[in-house]
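Using the sequences plus the hints, can you model the full thing?
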Amino acid sequence: MRRDYPVLLLATPGLLVILAFQYYPLLGNVIAFQDYQPYLGIDQSLWAGLDNFKVIFDGDPEFLNAVKNTLILTVIQTVIVFPAPIVVAVVLHSLLSNRLRQLVQSIIYLPHFMSWVIVVAVFQQVLGGTGMINNWLRSNGHDPLHIIGNVEVFRALLTSQVLWKDTGWATILFLAVLSQIDRALYEASSVDGAGRWRQTWHVTLPGLKPIIILLLILKLGDSLTVGFEQTVLQQQAVGVDASEVLDTYVYNNGIIGGNWGVAAAVGLVKSAVALTLVLTANKIAHRLGEEGVYRG
Amino acid sequence: MSRVKSVATGKSRRAMVGGMPMPGLTERVAKAVFLAIICAVVVLPFIGVVSTSLAPAEEVTKAGGFVMFPAQGIDLSAYRSIFAGGTVTQALLVSGFITVVGTTIALFLTCTLGWALSRRGSVGNRPLLLVVLVSLLFNPGLIPTYLVVQQFGLLDSVWAVIVPVCVSAFNVIVVRAYFVGLPDAVIDSARIDGASEWKLFWHIGLPLSKALVAVIGLFYGVGYWNSFFSALLYLNDSSQWPLQLVLRTYVVNGVELGGQELGLGSETVPPQTSIQMAILMISIVPVLCVYPFIQRHFAKGVLTGAVKG
Chain E
1 MRRDYPVLLL ATPGLLVILA FQYYPLLGNV IAFQDYQPYL GIDQSLWAGL DNFKVIFDGD
61 PEFLNAVKNT LILTVIQTVI VFPAPIVVAV VLHSLLSNRL RQLVQSIIYL PHFMSWVIVV
121 AVFQQVLGGT GMINNWLRSN GHDPLHIIGN VEVFRALLTS QVLWKDTGWA TILFLAVLSQ
181 IDRALYEASS VDGAGRWRQT WHVTLPGLKP IIILLLILKL GDSLTVGFEQ TVLQQQAVGV
241 DASEVLDTYV YNNGIIGGNW GVAAAVGLVK SAVALTLVLT ANKIAHRLGE EGVYRG
Chain C
1001 MSRVKSVATG KSRRAMVGGM PMPGLTERVA KAVFLAIICA VVVLPFIGVV STSLAPAEEV
1061 TKAGGFVMFP AQGIDLSAYR SIFAGGTVTQ ALLVSGFITV VGTTIALFLT CTLGWALSRR
1121 GSVGNRPLLL VVLVSLLFNP GLIPTYLVVQ QFGLLDSVWA VIVPVCVSAF NVIVVRAYFV
1181 GLPDAVIDSA RIDGASEWKL FWHIGLPLSK ALVAVIGLFY GVGYWNSFFS ALLYLNDSSQ
1241 WPLQLVLRTY VVNGVELGGQ ELGLGSETVP PQTSIQMAIL MISIVPVLCV YPFIQRHFAK
1301 GVLTGAVKG
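Chains E and C, in that order, give the protein sequences. Number 231 in this note's numbering belongs to position 231 of the first sequence; there are no gaps in the numbering. Number 1230 in this note's numbering belongs to position 230 of the second sequence; there are no gaps in the numbering.
Quick caveat, the hints were computed from the structure, so don't treat them as lab data. Since the model is a prediction, treat every value here as computed from it, not as a measurement. Check each hint, because a few of them may be wrong.
[To be verified] Quick partial rundown of chain C residues pointing at chain E, CB under 8 Å, derived from the structure:
1) 1041
2) 1116
3) 1123
4) 1196
5) 1253
Backbone N, C-alpha and C fix where the C-beta goes; we use that ideal spot for every residue, glycine too.
Written as structure tokens, this is what we have:
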């Protein structure tokens, strides 16, 4: 103990932050079982049993709408947003020139470092009523498109924003994995008469399989967390019906609306479901003989 | 490992490159078009933003708000007006403070904790590592986190934006993995020479990990510079707003900035679009400035975490 106290001393400040802002807030979830009043605090607010969870079990329409929007976005993101970087990475991997590949990489990583506010602002400037595209359409005698604030295309808008922001960045992992594939495999398959498509199918994609499974598991844990900042930023323009997701429901009800207990209850269930999903998916991955996120 | 010699079989007369047959012309054209479109989609909006922020007032008004290629020279009046000492200047100072102070604190805490966890065999190493790892699995939730920030008296203070996110468990794991990979010989010999734990960390661990520390620093820095939601959550007083909140109010929500807010008094204000694009630009430029220097280290930083973590 004496020998190790300098090490422990170095660990203390960082650990305190994790304990204070990751573990300690867990206790605050008790307000999900309270009729929490900010001026009374946790000590004096009255207990409410499971009343706050009634919104969930009784199927409050606003809550169900948030669940529906969240799940639809999750499905879209898994089907469209998730495979996109794999396609880009496979194409980049097949480039012969290293310099060209690096150039393209430096360009497509960039939007990842822009905040959601910037991304939304840029999209408005490009697609908005007086934006780049509509200016061009008008000056060429066409009708302008109504995209920003349009309920019908809102999901497509969110999806294209996610694609724009993070597709490039997400290629980084896939490319790194691809660069580890033994070149001899390509040579061998080529000797066996495999063309470029068959090589992609039988060598490249199997090489990516473990990382794809790993990322899908991690994504599952986030499946109830989609488009929060994006939506908060654009909710005014498009209305709550089309845009409410679980996180904005918690934010709007709790911090804006003052229904602290209900919001905390929804948040608690959401976190619990997310945790269960990750643990389950990891178990399944192990059964299938994959590494998964961790060994346990 | 036996090297398979590339053999041109009868079936494929194409040249081989790195084990793959040389791509045909169609494939090469298709790939070039595909990549060119992706790059254009990323780059063109930025060019539009720069151009509009720099175009003269008349041209912007005439174009109805957006200029792709300014033809009539460059006009810096939009920039002059946002730096005139009003809302935007103030927000820039706040964002600068959050970013510089936040990143410094975050790097220090992350690296010290990462170092401590990399010293295997010391008391409590395993359980402490577990504390960090487990925190990756759950999310404490928005409302409880808000209550904790409130309880610590951080509401309406920039520290509410800085402190809660200054130790990312994921980054700690990345840094730890890197420190674990440092050669034991160097560390042991320094220890035999009587270096204290702090000296080992500060004079040996950190200097050997400059590239990684730079990447982690960029991640924290960008995170702080971009912090929007925590500021929205915790800062009610608009004089404390960082740039991202100003950007949301005056660019995304389209509220007009008058001479008063800009610090120009009653002088003429350049077109709103130019001002909006100028605000957008100054929120992008700092990232663009750091990016090229750290970019080549990305893969290392990301992979240390993903593969070993």
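These are the hints, each one checked on the structure:
Interface restraint check for residue 1041 (chain C): the shortest CB-CB distance to chain E comes to about 7 Å, inside 8 Å, so the restraint holds. Interface restraint check: residue 1116 (chain C) against chain E, minimum CB-CB distance 3 Å, threshold 8 Å, status holds. Interface hint at residue 1123 (chain C): satisfied, since its Cβ lies 4 Å from the closest Cβ of chain E, which is below the 8 Å cut-off. With 8 Å as the threshold, the beta carbon of residue 1196 (chain C) comes within range of chain E, its nearest partner Cβ sitting at about 6 Å, so the hint holds.
With a cut of 8 Å, the hint placing residue 1253 (chain C) at the interface with chain E holds, because the nearest CB-to-CB distance is about 7 Å.
The earlier numbered hints are all upheld by this structure, with none contradicted.
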